[in-house]
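Peer 1: Sequence:
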Amino acid sequence: MQARTIDPRDQTTEVVDPAYRVFFWTGMECEAWELSEADLDEVLSWIAANSAGRMHSLWAVTRSLGEVELVRLRGFDPTAPVDTWPRWSAETPS
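Following my numbering, the numbering of the sequence shown begins with 575 at its first residue and continues without gaps.
Hint data in this document are derived by calculation from the structure and do not stem from the laboratory.
Per label pair, the in silico range of CB-to-CB distance: (1) ASN624 <-> ARG583: 35 to 41 Å; (2) GLU608 <-> ALA654: 16 to 22 Å; (3) GLY627 <-> THR586: 37 to 43 Å; (4) MET575 <-> GLU605: 29 to 35 Å; (5) VAL645 <-> GLU605: 19 to 25 Å; (6) PRO655 <-> VAL589: 26 to 32 Å; (7) THR579 <-> TRP607: 32 to 38 Å; (8) SER625 <-> THR587: 29 to 35 Å; (9) ASP581 <-> MET602: 41 to 47 Å; (10) GLY627 <-> ASP581: 40 to 46 Å.
Backbone N, C-alpha and C define an ideal beta-carbon position, used for all residues, glycine too.
Kindly produce the complete structure, drawing on both the sequences and the hints.
Peer 2: If you want it as structure tokens, here you go:
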């Protein structure tokens, strides 16, 4: 992990009601969900209640000009090349 102080005045926009995507993995198959109108604690609770022991990945969703962009918050994608994921991602419990 790297940490540094920042000037919070550099931000240009803010999303006050984000959406999240959750992918539950069973082998190479995934079940995808989008959650909204919830804060991160509610999303994490929902994941715990619905994972049924499956590994998962959690993403924040941003939308701009018709594009959907995902920002990984936790978990991993077993279909991605191994070198694109941090060393610890596969060790993180779901």
